[in-house]
Amino acid sequence: MIFNSLTFLVFFAIVMALHYAPFFSWHQKKINLMIASYLFYAAWNPPFVILLWVSTVVDWWAAQWMVRAKSERTRRVWMLTSVVVNLGMLGYFKYGGFLMDNFVAVAASLGIIYHPPGWDIVLPVGISFYTFATLSYTLDVYLRRSKPAGHFLDYALFVTFFPHLVAGPIMRPTELVPQFEIPRRATGNQIAFGLALLTLGLFQKVVLADGFLAPVVEAVYDAPGKMPGMLDAWVGTLAFAGQIFCDFAGYSTSAIGVALCLGFAMPDNFRFPYGAVGFSDFWRRWHITLSSWLRDYLYIPLGGNRHGQARTYAALMGTMLLGGLWHGANWTFVVWGGLHGVYLSAERWLKARFKGFTPGRFAMLGLAVLTFVLVNITWVFFRAKTFTGAAVVLKGMAGMHAKPDPLVGYGPMMIAMGIVAGIFGTHVAMRNTTLEAVLERTPAAVIAGIWTALLFAVIVEQGQGSAFIYFAF
Amino acid sequence: MPSSISHSSAHKAELRGVREGALPAGLRQTAANRPGQAQPVPTRDIPLRPWLKMGTFVLATVVVLTSAWEWTARTKIGLRAGDIDDSPQAWGEARRAADYGQVAIVGDSRILFDTDQARFEALTGVRPVQVSHVGTNSRTLLEHFANDPNFHGLLIVGMADLLYFGRPGIGLAATAIHNYDKNNKPSQLTGLWLDRWLQNYLAFMDSDYRLSRWAPRFDTSWRKDADSPYEDVWKISETFPGRQYFMWDRIESGGYLQAHARYAWHGFKRPPIPAPLVNKVIARSAEAVRRIRAHGGDVIFIRPPSAPELRVNEDKSLPRKLGWDRLLVGANAKGIHTDDLAQAQNLVLPEYSHLSRKCAAVFTDAYVRRLVELTPRLKLRAGAPPPLSRADCVPEKIAAL
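The listed protein sequences correspond, in order, to chains Z and V. Under my numbering, the first residue of the first sequence is numbered 200, with each subsequent residue one higher. Under my numbering, the first residue of the second sequence is numbered 13, with each subsequent residue one higher.
Please note: incorrect hints may appear among the correct ones.
[Unchecked claim] With a straight-line cut-off of 20 Å between C-alpha atoms, the simulated DMTMM-like cross-links for lysine to aspartate or glutamate are:
id	chain 1	residue 1	chain 2	residue 2
1	Z	K425	V	E243
2	Z	K425	V	D244
3	V	K65	Z	D480
4	Z	K602	V	D237
It should be emphasised that the hints constitute simulated quantities derived from the structure, not laboratory data.
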């Protein structure tokens with residue numbers, strides 16, 4: 200089920216009614232929420248509920264046995280059991296076909312012709328998200344960062360809680376399980392603010408990402424045989440920068456709003472990322488829950504910055520390459536992650552080289568623009584399905600096509616660039632503040648007017664119920 | 013341990029997670045600020061504003077605005093409640109139903125518009141399952157059915173010559189087939205039912221009048237050869253249950269929208285279709301027909317009409333004797349060409365490519381009466397209505413010309 204669907208509106212209304220019904224105990228309400236979460240997931244593909252269940256049960260028991268273990272070796276065995284089961288499921292469903300294709304390609308390069316049976320496996324929606332969420336539970340217990348959850352129901356609800364289940368934010372058990380311990384009841388103000396956030400998220404997804412930006416992106420990236428000129432290639436890529444942000448941040452904002460209506464707090468996942476100055480700043484603002492997960496469970500265990508320069512750069516590159524692969528079973532994603540790794544490494548080197556440099560106001564703006572431009576170059580590999588496709592767009596961006604095809608009409612182009620300029624300007628202007636702080640300074644009449652406009656735009660746009668891009672990850 | 017998720021150590025105040033009033037930006041931390049540690053319950057601060065009052069105002073205002081938009085849709089645009097729109101999910105639903113139906117229709121938009129299902133049923137007692145798709149090469153659908161051993165019925169293949177003999181895999185049906193399983197999921201089906209239910213009451217819920225569809229139409233192809241919304245086919249149909257398409261009456265009544273609809277076809281000017289491609293299409297069609305018959309089904313081709321303004325160009329690209337006639341021989345199949353139906357001559361095609369709503373009934377009447385002669389799978393009902401003629405659908409003024 201997706202937030203931008205009529206089905207979700209009905210589902211959410213029922214969940215809210217049950218959650219605030221006076222005749223249920225808190226224990227029963229948690230059971231209701233868990234059943235609702237399973238329904239939310241099953242609405243996409245019912246059999247895959249089993250995977251959720253396997254992941255839940257294995258990690259619960261792995262953590263329990265880890266705590267009871269007498270020796271460090273036994274603890275490690277249980278931690279590895281959890282890792283193998285979770286990454287095994289992820290590997291089979293998400294990377295099985297990719298690994299097989301690469302195996303066949305390598306074998307062919309050695310002169311061995313191998314024709315494997317077709318790998319016709321459907322990717323369970325959100326598997327990358329809930330796998331990382333449950334893994335953080337056993338890893339935190341193993342690393343002695345936290346104790347295991349006290350009640351199975353609380354833990355199972357943490358795994359399945361529908362607002363974060365299929366596309367994050369990737370929550371840690373320490374962030375959510377404690378919230379299940381006491382009855383949650385949002386005030387009228389909180390519910391209304393949650394609905395305002397849901398409106399904002401839906402506006403980003405339905406109107407901006409799907410309505411106005413996606414067609415421009417598709418005109419450039421899904422035009423086989425066409426050669427984009429510099430204008431079209433940049434417009435298509437900038438539009439994708441806007442689309443991917445509105446799509447994913449829209450989902451996170453909706454999820455936060457939905458959880459808030461139920462009385463739960465979820466963490467920020469985006470902090471005006473296109474206002475970032477530099478790439479370490481970008482990754483503190485973009486998909487925060489993933490980047491911090493990778494930092495805590497991959498970069499730091501790989502050595503982090505505690506073992507000299509060479510090891511730090513290696514850990515950085517390894518983390519970003521794997522982070523790229525997390526997004527999809529395709530080498531283009533690996534290159535996307537690798538480019539970010541190179542950017543981060545270069546920035547680290549430059550910071551060490553020019554330690555005393557403090558940019559002024561205009562230099563900051565220039566660096567923000569430079570960061571945004573370089574991020575856009577990485578988006579080409581993220582959006583193009585093949586390296587050939589990416590090369591066509593990159594050549595276009597460099598103005599290297601001798602006879603380019605005009606691809607995007609001026610009308611859609613103007614609208615898309617207006618939206619992207621608005622996003623970039625907003626991010627730069629708000630990079631040192633929060634949405635909540637700005638709203639608190641804004642007159643209620645202005646907020647109500649904007650909220651009305653956003654909601655009305657969502658209704659008039661109607662939406663096609665298209666899935667969020669990150670569902671595929 | 014620096015943090016815990018156990019009940020005993022949880023402090024209720026910290027567990028609330030929600031706080032009235034916005035935290036100063038520097039205090040609002042995220043996981044990015046806390047490396048290598050268990051993350052605490054996040055804090056969501058609620059800006060000190062009268063959210064409940066604002067929400068009530070927003071709800072009331074949006075209801076008023078939506079009502080005004082609904083009124084505009086009905087009175088100014090000419091949309092109607094009950095025009096339930098088509099969707100990939102609705103196509104998937106029809107596709108599933110086709111396996112249980114006696115007659116299924118596949119093809120492009122012409123057979124979709126030009127078949128009046130009620131008339132078909134009135135004549136034969138059988139309501140066909142409409143599985144055609146706009147903007148497609150109907151051979152894609154023919155081959156899809158050929159690959160389905162569960163289909164045992166009569167398959168009517170409607171075709172616009174230039175699309176049918178065009179390159180394989182072209183068109184929106186290929187996407188619909190590709191997404192067939194995905195559009196069969198529980199959430200997709202409930203979405204379809206809810207959407208239909210709402211569209212029975214709300215006229216503005218029309219995919220052609222979504223904000224992002226009509227807003228960019230101010231660009232009247234400013235950039236030569238670029239993809240512009242002005243070049244797209246805008247709304248020309250209304251859709252009713254069973255994927256019954258009819259020409260939208262605003263297109264029938266002339267004016268700007270009719271002129272644009274005619275313009276959007278660009279005269280169907282295409283380069284001639286090379287003979288090797290025609291041969292390949294015929295060979296693949298013959299194989300598809302053979303396989304459908306092997307499953308116990310049968311195939312009949314239908315070529316619906318197009319206006320002389322288009323037909324002249326279509327014939328230039330592929331004359332009937334090189335396309336249609338050779339197809340029937342090569343595929344060893346029967347077919348009904350609009351030219352051969354005396355009752356279906358000079359019908360009204362408001363935008364040149366599809367029949368008017370009334371003329372769709374006349375064309376259906378004409379082809380079904382021929383169809384029952386070609387196949388034993390269908391018979392005319394004893395109480396079938398009398399034949400229709402051009403006079404039943406062509407306005408008197410035009411008929412007199």
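Do the hints match the structure? See the list:
1. Taking the CA atoms of K425 of chain Z and E243 of chain V, the gap is about 18 Å. The hint holds against a cut of 20 Å.
2. Between K425 of chain Z and D244 of chain V the CA atoms are separated by roughly 19 Å; this keeps the pair inside 20 Å, and the hint holds.
3. Between K65 of chain V and D480 of chain Z, the direct Cα distance comes to roughly 38 Å. Violation of the 20 Å bound is thereby established for this hinted pair.
4. Among the hinted pairs, K602 of chain Z with D237 of chain V is consistent with the structure: their alpha-carbon atoms are about 13 Å apart, no more than 20 Å.
Comparing the model with each numbered hint stated earlier shows that hint 3 is the single one that does not hold.
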